[in-house]
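Asker: If you want the building blocks of each chain, they are given just below.
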Amino acid sequence: MSGVLVVMEQRGGNWNRMSFEALAAGQQLAAKLGVECSAVVAGDGVASLSAELTGKKLAKVFTVEHPLLKTYTADGYVAALEQVVKQAAPAYVVFPHTYQVRDFAPALATRFGQVLISDVIAVHDGPVFVRQLLQGKLNADYKQTGAGPCFVSVQAGTFRADAVEAGAAAVEAFAPTLDAARIRNKPGELFRESAQTVDLSAAPVIVSVGRGIGEQENIGIVEELAKALGAELAASRPICDNGWLPMERQVGSSGQTVSPKLYLAVGISGAIQHLVGMKGSKTVIAINKDENAPIFEVADYGVVGNLFEVVPALTKAVLAAKG
Amino acid sequence: MVDVTLAAVTGARCSGATLLGTWVSATLAEPGYFSWLETGLLLVGIAVSLTLFFWRFGPILRNIFRSKKDTDFSLAPVGRRVWDFVWEVLCQGKVIRQRPLPGLAHAFVFWGFLAFALVTTNHIANGLRLGFLSPESYIGRFYFLFAAAWAVLVAIGITGLFIRRFFVRPIWLGKKVSIESGWIAFLIFLLMVSYLGAFFVSPGGDAVRALWWTHTLTLLVFLPLIPHTKHLHLVISPVTVFLKRAGFSKIPPLHGDEDFGLVAGKDVTQLVSLQVYSCVECGRCTEHCPAFNTGKVLNPKEIILGVRSYLNELGPASEVALLAEARPETAFGETLSMEAAFECTTCGACEYQCPVGIQHVPVIIGLRRGATNTGAWEDTYGTKLFLALEKNGNALGLSAMERDKFIQKEAFPIFDGTQEYCLWLGCMGGYDPKGREIISDFARVMKYLGTTFGVLKKEKCTGDPARRLGNDLVFQTLAEAGLKAFETAKVQKIVAICPHCVRTIANDWREYGIAPEIEHHSEFMARYKDRLPKQASGESIVYHDPCYLGRYRGVYEEPREIVSLAGTLVEAPRSHERSFCCGAGGGLVFLGEEKGERVSHVRAAELAGTGAQVVGTACPFCNTMFRDALAEMSKTPPQLLDIAQLTARALPEMHGLGTRDQGSGER
Amino acid sequence: MKILVAIKQVPERDAQVHVAADGKWIDESDLNYTINEPDAYALEEALQLKEKNGGEVVVVCAGPERVTSTLREALAKGADRAIHIEADDLGERDTLGVARILADAMKVESPDLVLTGLQSDDLGLGQTGVVLAELLGIPHATIIMHVEVTGGGLKVKRELEDGWFQHVEMPLPALLTIQSGGNKLRYATLMGIKKAKTKETKTVQAAAAAASPAIMLERVYLPEKQKKTEMLTGTPDQVAAKIVEKLKFEVRVI
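Protein sequence lines, in the order shown, are assigned to chains Y, L and S.
If you're matching positions, the first sequence starts at 1 in the numbering used here and goes up one per residue.
If you're matching positions, the second sequence starts at 1 in the numbering used here and goes up one per residue.
If you're matching positions, the third sequence starts at 1 in the numbering used here and goes up one per residue.
Looking at chain Y on its own, in the form it has when it is part of the complex (with noise of 0.2 Å):
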């Protein structure tokens, strides 16, 4: 049992960009214990994509594919997956920490008697594969102590998609025994929900302005920005109560409470009937000209400044950015 085996995920034949993160953290992993690295595809007429991989530095592309496994399903992936592990018998397994790995790779891990180091934000010497505990108040070591291939999964961004070194790569076709009768959920089609109502809870960008604006007027800078980053517009109680934006864009004790990725705080001082509704954003960026403003006390990031003119500039930015 050794190499590194990297789990790539598909689906309709589009990758999830985040599976090259994961095959940059197993060819490095890979290369600091001196073992061979390979990666799985697993789907139906996933071909092309295995190609893509041929010119990365692998030992093997395994190609997965059955009718069965079109669309996901978790009984269909952990039973693939359980033959190819066997086969391949890697010492690691990793996968991209996507919202489908959570559903299948901890029964995976099962089946080997093994449990999943999920959400790695680093990989030590050792190996020592750190997580968060607490939300984020502390770190931990984690090892694997019982013997087995060890299953770990990567936290978006914790390494770069573009570190993925290339070089060359066989493909390995992989044909899976599976049973029809043994799956047992029935995944329907993937669908958005129509955006009727606005629902600030749901939207991982939020730009928020607030009484520093001034005028009705100027709320179209605001709205430039939001557009450029692809955030939902918000606002704090005043600009509701004048009209200026509807009720149901408050961000507020009386009004949604949001815990967005990304909360971008323009022109509001932070009175505490509006930080009960942010608090629980991931990261906070305020501008606003009063460095007293009690906004910054919750902000990751902090611009002393006249919004009137930092809003347009970093709208600019953002686009230039974006390309």
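Derived from the structure by calculation, the hints contain no laboratory data.
Please read these numbers as outputs of a predicted model, since none were measured by experiment.
Just so you know, even glycine gets a beta-carbon here, dropped at the ideal spot from N, CA and C.
All clues given are correct.
Derived, one-sided and incomplete: chain S residues facing chain L with beta-carbon distance under 10 Å:
| id | residue |
| --- | --- |
| 1 | A15 |
| 2 | E73 |
| 3 | R186 |
| 4 | M191 |
| 5 | G192 |
| 6 | K194 |
Chain Y is already provided as a structure; the job is to place chains L and S on it using the hints.
Answerer: Okay, now just chains L and S, sitting in the frame of chain Y:
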């Protein structure tokens, strides 16, 4: 018999003195004798009248006595009860002071009735051939004239009240004009006129007998009407005033495993029954209610009458829910609604105004308890608040580490038993930027005065919002934790900037233990007013009485003394006991949007309307409510400062005090 | 329908944590414990399913004596019965070990549906549910927003990345891990607490750890980066560039 003739009166040239002289020598003319038939008729009349009276009064008494016993009731302190009785009932103190002109008219009628007590007794006794007051004796003559004077006042009073009800028609008396009140007014007027008339007729004539029987029949008709109308208060409201729960807005403890508050009729206690039957429908409570005055559904009078209707219709043993969500067909369905019950800011203006001793706030909170303790109240914000209190121990749902950071930044000493005071931050003082400013400034004042203080390492909310919203589970958890924290830290004296904290710790926590003595920072600072600097700013400062400091705690002068040190004190149109709520109380500041006008805006407009340069507050909740409201009213609103900030701004820069950058208070 | 909800008692979210002397876990001396918040959502889902479809909700929790308070809270919120798996050595077991003792207690109950939260607030591995399903031999689905009982089983709404959703039809018995925020949590009421006194809590002993754990937590330590506000300065264009860099590499929204 002294001879008074109509001729003497009408014939004489009416010089006041002559008339008066003629009058004074007059006395009541009564029938000389009564036939057995008349006595018999009288007895029958009395019997019928009394029967009809008890026919209605009996069930009411039954409803009251069959209600649940009040487990926390005690007659002591009797002195207080006697005083309230003397002042409110006998002197009609509240009735007159809160609505002077109608109050005085009513007082006349009431005192007149008292004055008539002997007269009426003697009147009936006469008919039973047992009369004891002779119109010829000096006592008799004096007394009948005395009563006559009152009769005039009563007649004037009742006429005035009649005109007010039927022509002026104030909305507080209800949308529909009460016809029955008209009849009662007429009967009272008739009683007076039929009594006074007996001074102007010669004794022994038919007129005397006619007047006597008119008076008697009016009495016999009046009596059974009493329990059928709000005039029941004639009989029971003196008792109601005497038996009031001691303490303003006192919330009774729950008793036993099945008690969740006012869920159904079976939870209504004797005291509440007595009170709702005493309601005179005067509408003074509603007149001063901030919710009603800003277009909300809540109407305190209708809540009380709703409970009364419920008792009349379903009785005190009923299991049917009081809050009428599921019974739209009932008369009280509209007013006894969950929506109304949860619009109350618990400001207490209603309870304060009530002249017959009804205590509205425990009833409304009782209804809330019934809904919240059983999970019937499903409100997004309410649930969020309760979960925040459960999980984070503060009403804002913020991490306790935020408070730790504040304490560290300000370098507040931690209470270790050596300091004199424990400075209680509270949720606003610990987490709200403005509340924190008030705490910092007050800390500076204490340092200046050389008072040692420390803050608790960990604080949880006092539970005030949970208490007022009827969540006894959360409240009990927080109260017990708080009491334990004070005990462990060996705190002896507490000072706080928030009247809600002060009230809850001093009064509501008693259900679970006795807390160390606590005072509000206005009471603290007022004691040292001679050592605090007198500012020559000449600024006009309008002071807003917080509900929980004013009506609830009776503290009116101390904050004013502090304000007067900082500038010129200006009074708002509604101040002291009539102060108009800021709208935050009763847990409402944590709930969602309010209907109608915003209470805070109405009050802010009133305060700003005085033209004062500064609005002075003594409560961090009032402060936060006015901050947004004032900013929205004008581009140059008056400054908004707590009394601690007003004081601290004049303190010299001392070592360790630092300066406070006094911005416009507006961010 | 018999629904089993696996709940975990974790340290309060708010608590300030100190690393224990041996560096292997946190100092538990001053901690307050509470229900794992995602499990509270699972419980809420179970209660709502019971209210809609009838049946019984049984909460299961493994841990030392102190977890009984969390079980009581769950009973107060409306669960019908509680099962306490007494185990003082959870720290020495890994996910598989814990899932095994849960499975042992649950097999006996023959549930129709098993619900768990998405992950725990303390360790956050997010796997116990899936492993439990594997051990019980029942189908599972994760990150579920909505559950509907149909004639043949369940129809659930599964959350995916980027605002995508998917419906999945499943037979019963099954296991679901519930996403937080799908339902509104209810608050514990006085009436609930009083009723909880009369509800049954069964205590079972955890079977001894079968094998040594597959993975081990070696040590915990504070991360180097503490949360501090970084002020960005410069001209508007400079500031904008700095922000964009943060958005690309730190926040990763571009």
